[in-house]
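Construct the entire structure; sequences and hints are all you get.
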Amino acid sequence: MSRYILGRAAQAVVVLWAAYTLTFVVLYLLPSDPVALQLGAAGIETDKLSPVQLQAAMAKYGLDRPVLEQYLSSLWGALHGDLGTSIAKQRPVTALLGERIGSTVALGAVAGVLMLVGGTVLAYLASYVRWRPARILLTRLPSVGASFPQFFIGLLLIQLFAFTLGWLPATGSDGFSSLILPALTISLLTSSLLAQVLMRSFDDTLSQAYIVTARAKGLSRAAVQWKHAFRNAALPAMTILGVIVGLTVTSAIVVETVFARNGVGKLAQESVVAQDVPVVLAIVALAAAVFVVVNLVVDLLYPLLDPRIVHVPKVSR
Amino acid sequence: MTVPIPPAGQPVPSGLDRAVEESLLDDAPVVGRRGNTVRTLKRLGRKPGFVLALVLIVFVVLTAFVPSWFTGFDPTATSPKDRLLSPSLTHPFGTDDLGRDLWTRMLHGSALTIKATLIALSIAIVAGLTLGVVSGFFGGLVDVVLMRFVDVLLAVPSLLFALAIVTALGFGTVPVAIAVGVGIVPGFARTTRAEVLRVKTLPYVEAARAGGASWLRVLVRHVLPNSWGPVLVLAVLDTGVAIIAIASLSFLGFGAAPPAAEWGTLISNGRNFLITAPWVSLLPGLFVGAVVLSLNHLSKTLQELGR
Numbered sequence: 001m002s003r004y005i006l007g008r009a010a011q012a013v014v015v016l017w018a019a020y021t022l023t024f025v026v027l028y029l030l031p032s033d034p035v036a037l038q039l040g041a042a043g044i045e046t047d048k049l050s051p052v053q054l055q056a057a058m059a060k061y062g063l064d065r066p067v068l069e070q071y072l073s074s075l076w077g078a079l080h081g082d083l084g085t086s087i088a089k090q091r092p093v094t095a096l097l098g099e100r101i102g103s104t105v106a107l108g109a110v111a112g113v114l115m116l117v118g119g120t121v122l123a124y125l126a127s128y129v130r131w132r133p134a135r136i137l138l139t140r141l142p143s144v145g146a147s148f149p150q151f152f153i154g155l156l157l158i159q160l161f162a163f164t165l166g167w168l169p170a171t172g173s174d175g176f177s178s179l180i181l182p183a184l185t186i187s188l189l190t191s192s193l194l195a196q197v198l199m200r201s202f203d204d205t206l207s208q209a210y211i212v213t214a215r216a217k218g219l220s221r222a223a224v225q226w227k228h229a230f231r232n233a234a235l236p237a238m239t240i241l242g243v244i245v246g247l248t249v250t251s252a253i254v255v256e257t258v259f260a261r262n263g264v265g266k267l268a269q270e271s272v273v274a275q276d277v278p279v280v281l282a283i284v285a286l287a288a289a290v291f292v293v294v295n296l297v298v299d300l301l302y303p304l305l306d307p308r309i310v311h312v313p314k315v316s317r
Numbered sequence: 318m319t320v321p322i323p324p325a326g327q328p329v330p331s332g333l334d335r336a337v338e339e340s341l342l343d344d345a346p347v348v349g350r351r352g353n354t355v356r357t358l359k360r361l362g363r364k365p366g367f368v369l370a371l372v373l374i375v376f377v378v379l380t381a382f383v384p385s386w387f388t389g390f391d392p393t394a395t396s397p398k399d400r401l402l403s404p405s406l407t408h409p410f411g412t413d414d415l416g417r418d419l420w421t422r423m424l425h426g427s428a429l430t431i432k433a434t435l436i437a438l439s440i441a442i443v444a445g446l447t448l449g450v451v452s453g454f455f456g457g458l459v460d461v462v463l464m465r466f467v468d469v470l471l472a473v474p475s476l477l478f479a480l481a482i483v484t485a486l487g488f489g490t491v492p493v494a495i496a497v498g499v500g501i502v503p504g505f506a507r508t509t510r511a512e513v514l515r516v517k518t519l520p521y522v523e524a525a526r527a528g529g530a531s532w533l534r535v536l537v538r539h540v541l542p543n544s545w546g547p548v549l550v551l552a553v554l555d556t557g558v559a560i561i562a563i564a565s566l567s568f569l570g571f572g573a574a575p576p577a578a579e580w581g582t583l584i585s586n587g588r589n590f591l592i593t594a595p596w597v598s599l600l601p602g603l604f605v606g607a608v609v610l611s612l613n614h615l616s617k618t619l620q621e622l623g624r
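Quick note, the sequences are listed as chains Z and F, same order.
One point on numbering: in the working numbering, the residue at position 171 of the first sequence is 171, and numbering is uninterrupted.
Numbering-wise, the working numbering comes out as the position in the second sequence, counting from 1, plus 317.
A few of these clues could be false.
Unchecked claim - Calculated Cβ distances over 12 Å to all of chain F for the following chain Z residues:
1. Pro34
2. Asp64
3. Leu79
4. His80
5. Thr94
6. Arg132
7. Pro133
8. Ile158
9. Asp174
10. Ser178
11. Gly218
12. Met238
13. Leu247
14. Thr248
15. Asn295
Claimed, not checked - Covered by chain Z, per the in silico footprint, the following chain F stretches (three or more residues, Cβ under 8 Å):
16. 360 to 366
17. 371 to 377
18. 434 to 442
19. 522 to 532
20. 535 to 546
What the hints contain is simulated information worked out from the structure, not anything from laboratory work.
No residue lacks a Cβ here, since even glycine has one placed at the ideal position from N, Cα and C.
Structural data, given as structure tokens:
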């Protein structure tokens, strides 16, 4: 077992390193002129500089070094908690992230709670209800929810709850009330994903033999679903936790822009507009790290929650 | 191989006889592949949801090529006295803050959105199919290396990776399309690989190999035609995903420069008038939602058909 844990953790580290490298390649090797791109973020127009000034500017941001050296120093820095300096804002990236991450984590947490409640209730009802029209409506609802662009759903909620009803503030990041609409926007998408997985899982579970036994001994359908099916059906949903966290992170970019909240998502949007390469790299790496860690934790916890899963070493000796 | 010897006294069927027999067969009800297609189409035609979704998608594709068939307005003609008119018979979607007909702008936006979607899809299909086919068909070390690469692509949330690509390539319809296309490559690669792995073990592939066909011929003639079903379903589904991603990226401000407007930009433009003129944002949004919903429905119906 400990071999399995070590191997799985090593794999996570390799994936994370590869993701960092891939993003670095995209950001530093893909542009036709990476120097002009990065100096542009600092407000310097490279064509207007004399060669000497250009050399000085490149030296200031460390762009005069070979790309491999830049890569190694950036990776070394990232391993030591130094994510470089924002070119547009002239501040350490870690400080920028530190200021903004609280707001995004709070948003993600509220969205997560709403998702769990919404997704579970929807899937539970959809597999319990027997009246066909209602059942069809409930099973189709998630795919409808996932068909609309998230920023549109955000605008719709603002229109309804902020402008028409006047219950909640439209934008801003002060207090809990300003958190509800953006969290609701994110959770509508994530809960439709969760509900789809849960519905399929309920279908599988409810067709198993022990469910027939439970019904045969005289339990009501409600009791069978609640006491016998629910916990087993909920287990497979854990495997998409990583995907859901990833979706929450990317949703935060759009949703924080719609609701003008000062979080990491908004920082990502601003940094792309300013073509602030170090910040973009840091945010992508951070998101990949969150995704990899969540998946690792899920993989390690799953056998504890479901003892039927046993890890057999893949390579037989 | 043994050839059955016809009993004495009975003529061996000549080529002419066979031709006659086969021509007789042609008069019989259509069977075989063509017959299957006809029957499938008839079955689909009886599903109102499928037909409705298909009609909407065909309509949108048409508007991308000939928007002038469906509107008499100019998408860039401003008219100050017609600012923010609510929807009416002359302006089905109302007008925007510069008095431009929103329905017309929506139709002209189709061209940009569909162009971007097609670029994204072609990248995803070409790269994803290649990765999946090579990985699944050759197996071994190639498979391991390629699939680990796909794992890494999956570890970066696709919209964030798209942001990195847009940062590197600059703004506009084509960079956004490329970024979105790269994001949906992993899904294609995995689905194709799974299908190729499944088909590869079937007896007819073995028979073809045993019959002396080269691996390239087996791949092109036997494996590919039989593994594209689920890939097609995924392609239809991912068209919707790509439309939403492209709209989101242009909403964030990375799409085509004004006055050209993709669907995402149109929805985004209306958000400054949400109080006074909500339709400027909401109607284009509903339109995009209807298109994506139709694509999802088409994909789902095709998937059920494949079972």
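Tested hints:
no., hint, result
1, Pro34, "violated, 8 Å"
2, Asp64, "holds, 20 Å"
3, Leu79, "holds, 18 Å"
4, His80, "holds, 22 Å"
5, Thr94, "holds, 18 Å"
6, Arg132, "holds, 16 Å"
7, Pro133, "holds, 15 Å"
8, Ile158, "violated, 6 Å"
9, Asp174, "holds, 20 Å"
10, Ser178, "holds, 17 Å"
11, Gly218, "holds, 36 Å"
12, Met238, "holds, 18 Å"
13, Leu247, "violated, 7 Å"
14, Thr248, "violated, 9 Å"
15, Asn295, "violated, 8 Å"
16, 360 to 366, "violated (count 0)"
17, 371 to 377, "violated (count 0)"
18, 434 to 442, "violated (count 0)"
19, 522 to 532, "violated (count 0)"
20, 535 to 546, "violated (count 0)"
Of the hints listed earlier, those the structure fails to meet are numbers 1, 8, 13, 14, 15, 16, 17, 18, 19 and 20, in rising order.
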